[in-house]
Structure formats: structure tokens, C-alpha cells
Amino acid sequence: MTSPISSELVEAVTEEFDATEDVWADSLNLGNLLGAAQHFGALPGLELQQLLVLDQENDEFLLTLQVSPRIVLCSELIRWDRVRPPAGVAGPQAVEHVLRRLGELAFVLRFDFEQDAVLRPVGAGKDQPAAIAE
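Under our numbering, think of the first position of the sequence shown as 543, with each following residue one higher.
Please keep in mind that the hints were generated in silico from the structure rather than gathered at the bench. There could be a bad hint or two in this list.
[As the list claims (entries may be wrong)] Pair ranges (Cβ atoms, derived):
#, residue 1, residue 2, range
1, G573, S548, 39 to 45 Å
2, E557, Q608, 24 to 30 Å
3, P634, D654, 28 to 34 Å
4, S548, E599, 20 to 26 Å
5, D560, V609, 27 to 33 Å
6, Q591, E563, 22 to 28 Å
7, V660, L594, 32 to 38 Å
8, T562, F655, 31 to 37 Å
9, Q592, F649, 17 to 23 Å
10, D597, P663, 42 to 48 Å
We treat Cβ as the ideally placed atom computed from N, Cα and C, and that holds for glycine.
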């Protein structure tokens, strides 16, 4: 899932997305950034599920990742401060920072799913549920 974040991609996304310092105050512009990145082929299958932002302390969202036509993974609640660029960073550096963080979160989501899938017994979920270990 982690595709390299090239300087060309960062430049193209920055041109399409207003990356001034103001847009990083909260996560409300994150969907626009993700859409711009996906327009150029980055982060396929990743979707943002925006939650109501009450204040900066409670700015959280979910990420979903489609791994097959019938399987969509959902992250835990993600705090905006885990993704937000450092204070004073704007423009291409901020775009690159956020895209890298989103890519890392998507990678971990897929990796955890694949690790869990390896641990499932063969045939579990087809005709009978897997035995629950005590």
C-alpha cells in the first residue's frame, strides 16, 4: 500500500490543493487533500470518514481501506495531531508530511489485517466459525 511519495506527486498535489498553513488547523480539509492525491494515483482504496470536529482537542477521523471488492478495513479513531504537519510547515513540505502519514496509517491497517488473516484457521468463516482460543 505504501507507494513512494515522489516530488512530482507532491508538486502536483500542492498545485491542486491550497496548502497554506491555515488549512492545517484541523482535519476538515484532509478529504480534499486525499482526493487530490488520488486524482494523481496515490493512496488507492483509502477513504476518509470525517467525524464532527468539536474542537482541536477532539479532532478525530477514521480511515477505511478497500482491500478487495468485498472487504473494507476500518481504522481506529485517529487524532488529527498524529497526521498534522508540524507548526510552521506549509506548502509542499506539509503536503508531503500528511501524505506520508496517511500512507503509513494505511500500510499498518493492511499489515494488521494480513497478520490476522494468517492466524485464522483454514476454513474458518466458511461453514463454521473458528474455535475461540481461551
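Checklist entry - Is 27 to 33 Å right for how far apart the beta carbons of D560 and V609 are? => result Since D560 and V609 have Cβ atoms about 31 Å apart, the given range 27 to 33 Å holds.
Checklist entry - Does the Cβ distance between P634 and D654 fall inside 28 to 34 Å? => result holds (30 Å)
Checklist entry - Do the Cβ positions of G573 and S548 conform to the proposed distance bound of 39 to 45 Å? => result At roughly 22 Å between Cβ atoms, S548 and G573 fall outside 39 to 45 Å, so the hint is violated.
Checklist entry - At the C-beta level, are D597 and P663 separated by a distance inside 42 to 48 Å? => result Taking Cβ atoms as reference, D597 and P663 lie about 45 Å apart, which means the hint holds.
Checklist entry - Could one say that the CB atoms of S548 and E599 fall in the range 20 to 26 Å? => result violated (35 Å)
Item to check | F655 and T562 - C-beta distance against the hinted 31 to 37 Å | outcome: holds (36 Å)
Checklist entry - If you check the beta carbons of Q591 and E563, does the distance land in 22 to 28 Å? => result Holds, since Q591 and E563 (Cβ atoms, about 25 Å apart) stay within the stated range.
Item to check | Range hint compliance [Cβ, Q592 to F649, 17 to 23 Å] | outcome: holds (21 Å)
Next on the checklist: Tell me if the beta carbons of V660 and L594 are separated by a distance inside 32 to 38 Å.
Outcome noted: holds (37 Å)
Item to check | Distance restraint hint 24 to 30 Å, applied to the beta-carbon atoms of E557 and Q608 | outcome: At roughly 27 Å between Cβ atoms, Q608 and E557 fall inside 24 to 30 Å, so the hint holds.
The earlier numbered hints that this structure contradicts are 1 and 4.
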